[in-house]
Amino acid sequence: MKVKMLSRNPDHYVRETKLDLQRVPRNYDPALHPFEVPREYTRALNAVKLERVFAKPFLTSLDGHRDGVNCMAKHPKSLSTVLSGACDGEVRIWNLTKRECIRTLQAHEGFVRGMCAHFCGTSFFTVGDDKTVKQWKMDGPEYGEEEEPLHTILGKTVYTGIDHHWKKDIFATCGQQVDIWDEQRTSPICSMTWGLDSISSVKFNPIETNILGSCASDRNIVLYDMRQATPLKKVILDMRTNTLCWNPMEAFIFTAANEDYNLYTFDMRSLDEPVKVHVDHVSAVLDVDYSPTGKEFVSASFDKSIRIFPIDRIHSREVYHTKRMQHVISVKWTSDSKYILCGSDEMNIRLWKANASEKLGVLTSREKAALNYNQKLKEKFKYHPQISRIARHRHLPKTIYSQIKEQRIMKEARQRKEMNRIKHSKPGSIPFVPEKKKHIVAVVK
Amino acid sequence: MLLSYRSLLALNQQEEVVDLLKDYPLSASEDEEDNDGERKHQKLLETIGRLDGKNRQRLAERSEASLQVSEFSVSTEGTGEKLELAELLAPIKPSSSLGTVKKRLKKVKNKKTVELPLSKEENERIHREAAYNKTSQDMDKWDPVVLKNRRAAQLVFPLEQEQVLDAPIEEVLGAWKARTPLEQEIFNLLHKNKQPLTDPLLTPVEKASLKAMSLEEAKQRRAELQKARALQSYYEAKARRQKKIKSKKFHKVLKKRKAKEVLKQFEKLQKVNPTAALEELEKMEKARMEERMSLKHQNSGKWAKSKAIMAKYDLEARKAMQEQLTKNKELTQKLQVPSDSEHDEDAEEDSTLIPDIVNEVQMSIDGPNPWMQKNRGINTQASHIQKKPVAGEESEPEEEEKAGAEEDALLQEVEERRSLWKGSEVNQGSQKQGLRTKAPKRTEEDKEVLAELRTLSKHINKKAKKVRQVGKQHVSPAPAAPKEPSVQREEQSLLDERPERVQTMEDIESLGMEEVSQEQKQLRPGAERRRQRRQQHNHPEQRSPPKVKQEPMIDLHTIITVKTHKANSSLSFPTIVDEEDCDEEVTQKQIIKEAFAGDDVIADFQKEKCEADKASKPKDIDLSLPGWGQWGGPGLVISARKRRRFLIKAPKATPRKDKCLPNVVISEKRNIQAAAHQVNVLPFPFTHQYQFEETIKTPVGTTWNTQRAFQKLTAPRVVTKPGHIIEPIKEKDVESSSSHLGPPTLQRKAQQHAHHRRRRLKKAP
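Protein chains in written order, with the numbering used here: chain A, 19 to 463; chain B, 150 to 914.
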């Protein structure tokens with residue numbers, strides 16, 4: 019008599035190492051899994067709760083400056099290096115991995131108004147209140163050598179901003195006019211003006227590198243083309259624009275940080291109406307910087323907070339603040355799109371995670387899969403009230419919170435008044451102006 | 150016109166200036182004196198003026214020379230008056246030379262004015278507008294890229310993946326030199342052995358081989374090799390599979406097939422090459438002789454003896470012994486080889502040989518046996534049994550033969566090719582030679598195969614006989630022959646052998662036979678019963694009426710109609726159902742029925758449902774107050790009019806969800822706990838409820854999806870590499886994305902890879 023044995027291949031059920039997952043044979047027949055949606059919902063709820071639990075975005079604070087940090091610059095080739103200029107004319111270079119200052123130099127008398135790095139990362143430029151443009155070596159001086167700029171250009175007026183071309187040895191400064199400089203010369207190649215007012219910032223387009231944008235204190239944003247040596251168009255807003263930033267993935271999109279608490283994303287081909295108006299700040303927005311992926315941007319505000327906006331959203335997805343952080347003057351998104359740096363009035367530079375609940379360090383594939391799954395679940399169930407409520411929840415300082423409330427009331431009152439005015443006047447006599455267009459005063463050709 | 154006036158004016162003035170200069174010739178000394186005089190004169194005038202007393206404090210007036218006399222500009226005196234052309238022309242005396250001028254002036258008079266040049270602001274504005282239009286048009290080229298990136302399911306940053314250039318090792322090694330003594334020693338060794346050091350890293354032999362073969366050839370050869378290898382592996386796999394098969398029958402058939410093949414070959418050989426055939430025959434004869442001489446298969450070995458002891462109790466052992474004996478018999482039987490001339494004559498004598506056996510069987514069917522003829526009409530089953538084994542055995546080997554032949558041909562082909570490629574074994578001979586070379590290797594196999602062949606022939610022979618016998622046996626006792634013989638065919642074939650051959654172990658054999666036959670008899674009644682049951686199962690309609698009778702207590706009116714669900718499972722219902730069990734079931738049911746006679750569950754349920762329906766319906770509100778507006782007291786009746794007036798009718802209820810579901814009650818109350826987790830409003834991008842529901846319905850997790858699907862479903866929108874700088878998008882991405890629609894990074898990678906490969910290939914020859 020023969021005994022028939024069940025024969026099994028151990029490959030089918032034995033894992034190779036104990037770190038592997040146990041193999042679980044599954045039947046994916048949907049008829050066998052009647053409660054898939056409720057189970058996934060529970061998982062989503064847990065995921066969103068965990069996200070809030072692990073949301074600890076603040077990493078470190080870099081202190082050392084003896085005055086408010088007025089401007090910052092990213093190193094184009096090194097992720098761990100960042101430069102900062104303070105209101106007392108001091109420039110510091112930081113190592114982010116070690117979280118320490120690696121070099122300090124007294125660049126200017128008075129404010130360091132602006133700074134930018136050369137695209138190959140060998141040198142950087144600063145402009146200050148002392149009417150000078152200085153070029154510095156990125157590496158420190160040799161032993162015994164004095165700390166001196168490579169070049170110094172003496173100007174006639176104060177320069178308030180500087181930006182470097184993304185491919186050529188050309189940089190642009192702004193003050194009373196926008197000047198384009200060749201690095202080898204002491205006088206500008208061309209200077210472009212349109213009206214007489216002080217220009218607060220100038221930025222090169224990172225993709226179409228010949229196009230510049232600037233914003234002046236007479237409330238306008240002006241675009242220039244370097245090839246034609248002429249301004250292109252001017253748009254006048256309700257209030258002054260402090261700075262602007264170009265989208266690094268979409269050539270014609272830029273975002274302007276305005277004094278009226280809003281940010282305006284424009285398509286440079288149609289300036290008469292912004293693509294999006296980003297609201298949420300409760301005080302003037304002082305700086306803005308795009309994520310290198312071009313999907314989000316971060317804004318720094320006078321209300322002592324920074325906010326992260328998706329480019330296609332009106333409202334921010336994240337707000338960062340700490341008790342000690344004062345008016346945030348400058349903000350930068352690091353080139354690997356993982357971190358955010360902000361320099362504020364109280365002399366500190368703070369390092370934040372761009373994604374608050376992200377786990378730092380190397381992830382195993384299982385961890386990655388789990389995170390992806392959780393992310394997907396959150397996305398899938400984002401319209402469910404409990405989940406959206408938890409995901410939305412943020413703690414805010416009392417001042418900001420009360421200001422938001424106040425402004426909401428004000429906004430509602432304004433809207434009500436407008437509606438009433440329309441209601442009680444002759445139909446058609448008061449035109450309806452959409453929210454986007456309200457803030458645009460004029461577009462000058 | 151105006152311009153011409155102006156020019157004329159300018160001319161006029163110049164003349165005046167010249168005149169003035171003539172009037173006051175200037176020398177330094179004279180001028181000073183003159184100035185002094187003037188000043189004195191002025192002073193005098195002033196003092197005279199002051200005497201007047203009124204304008205005592207009049208400021209000193211300064212006169213400028215330029216007002217009176219200017220090199221460049223005209224004094225503004227007489228600005229109010231209008232100049233006319235005629236006036237200017239008047240002092241010119243008519244002369245022939247000026248006639249032409251006059252004519253020209255007349256022409257000028259007739260012409261229209263040229264427009265003013267644009268102001269600086271306007272000019273700039275136009276420039277700006279043109280520049281803006283140009284740049285914004287320029288920007289349009291980014292539209293598709295931006296759109297694509299916005300819509301992309303997944304974006305991987307940095308967009309330009311850094312290429313890890315795998316530089317050829319020669320390049321890497323080129324810069325490197327041996328320095329340490331050990332290295333130098335090694336290099337010396339390599340030099341001695343003609344091993345390549347740097348460029349290119351090939352030995353002379355390898356180089357030669359590379360040169361010998363072109364790329365095309367190499368490719369072709371590789372493809373062929375691959376094919377051959379694949380074929381080989383298939384064949385090996387098949388062989389392994391066959392080897393693993395435990396079925397004895399299968400192996401028997403296999404052996405038979407092989408035997409047949411050998412026989413065929415042998416016959417072929419006879420025709421083609423009689424000498425070779427003779428040799429074969431001799432070999433066979435020799436094998437037989439060896440077998441006869443040896444004690445192999447004689448049941449005299451240790452094993453056989455032990456088996457002999459066991460045989461009394463163990464059927465297996467008996468079988469094994471018998472097998473041994475039969476084998477011996479086969480091996481020692483003399484093979485009669487009919488010569489060509491004899492073949493025709495003694496066909497009858499050849500009846501023991503293989504091919505005729507088949508005929509014999511046929512004969513047995515069609516033959517003159519009256520019993521068989523009678524039975525064929527009546528009992529189809531018996532004939533079926535008779536035919537089955539023969540037909541099966543005939544057809545199967547044929548098919549297998551075919552397949553085997555094909556395969557062998559293929560293999561041979563492959564082998565030949567391989568030998569050709571190798572060049573080592575040049576096999577240029579014809580197929581005959583090939584066969585010959587193979588022959589010695591095969592001898593061993595052949596022996597076995599031949600033996601098998603013999604057994605086969607005998608088998609067939611016996612079976613024919615057996616069939617005949619069976620026919621005889623079963624015709625008389627029962628018209629319906631059982632299936633047993635087919636099942637125990639093998640055993641029976643052994644049984645039949647007994648009278649023919651008496652061997653050393655015949656007593657044991659006989660014992661075995663008896664037991665087996667007894668066992669068979671014992672088994673038969675059980676089998677019959679089983680058959681009966683099977684028949685019953687095949688005709689369920691026969692059995693169904695009693696079942697209906699057995700369940701008379703079901704009330705037909707209270708039945709809830711429910712659709713029967715078809716079982717998807719491939720498992721069939723048990724084929725055998727015991728009647729006794731059936732009976733038991735029925736009694737059980739009856740018992741239950743009796744026990745719960747009072748409980749009418751279905752009626753209860755329907756009642757419950759009715760109540761739920763009523764409860765859910767909105768009710769009319771009666772607001773009439775008894776005694777209001779009339780005398781109250783016992784026996785008060787509210788008038789119908791009043792009741793009608795104060796009755797608020799409830800709106801018509803919406804149809805219940807369970808209206809069409811007879812055996813369900815669906816509660817339509819809103820669950821507050823659940824409502825807190827439910828979506829109240831249709832979210833923005835969706836236009837209809839079912840769209841939203843669809844997105845929620847499909848599960849994402851691994852619990853419901855395969856690993857691959859899970860990974861696809863949960864792929865993140867944006868992927869970044871930690872520690873990598875993400876550069877802004879580049880100009881060249883526009884061109885790449887416009888040329889193809891796939892993900893740019895992947896495509897580019899593939900292209901670069903291809904390019905790299907091409908370069909290498911160029912380098913290689």
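To be clear, the hints were calculated from the coordinates, so they are not data collected in a lab.
On a predicted model such as this, the values are computed, not experimentally measured, just so you know.
Heads up, the beta-carbon is just placed ideally off N, CA and C, and yes, glycines get one too.
One should not assume that every hint holds.
Stated by the list, open to error - Each pair of labels, with its calculated beta carbon distance range:
1. GLU166/A with GLU264/B: 18 to 26 Å
2. LYS393/B with ASN45/A: 42 to 50 Å
3. LYS463/A with GLU264/B: 20 to 28 Å
4. GLU843/B with ARG410/A: 51 to 59 Å
Claimed, not checked - Below, a list of computed lysine-lysine pairs in the DSS-like style, where the Cα atoms sit at most 25 Å apart:
5. LYS401/B with LYS252/A
6. LYS454/B with LYS252/A
7. LYS283/B with LYS20/A
8. LYS290/B with LYS20/A
9. LYS20/A with LYS252/B
10. LYS356/A with LYS742/B
11. LYS454/B with LYS22/A
12. LYS386/A with LYS861/B
Cross-check of the supplied hints:
no.	hint	in the structure
1	GLU166/A with GLU264/B: 18 to 26 Å	violated, 58 Å
2	LYS393/B with ASN45/A: 42 to 50 Å	violated, 29 Å
3	LYS463/A with GLU264/B: 20 to 28 Å	holds, 22 Å
4	GLU843/B with ARG410/A: 51 to 59 Å	violated, 25 Å
5	LYS401/B with LYS252/A	violated, 97 Å
6	LYS454/B with LYS252/A	violated, 115 Å
7	LYS283/B with LYS20/A	violated, 90 Å
8	LYS290/B with LYS20/A	violated, 78 Å
9	LYS20/A with LYS252/B	violated, 138 Å
10	LYS356/A with LYS742/B	violated, 74 Å
11	LYS454/B with LYS22/A	violated, 29 Å
12	LYS386/A with LYS861/B	holds, 14 Å
Of the numbered hints listed earlier, those contradicted by the structure are 1, 2, 4, 5, 6, 7, 8, 9, 10 and 11.
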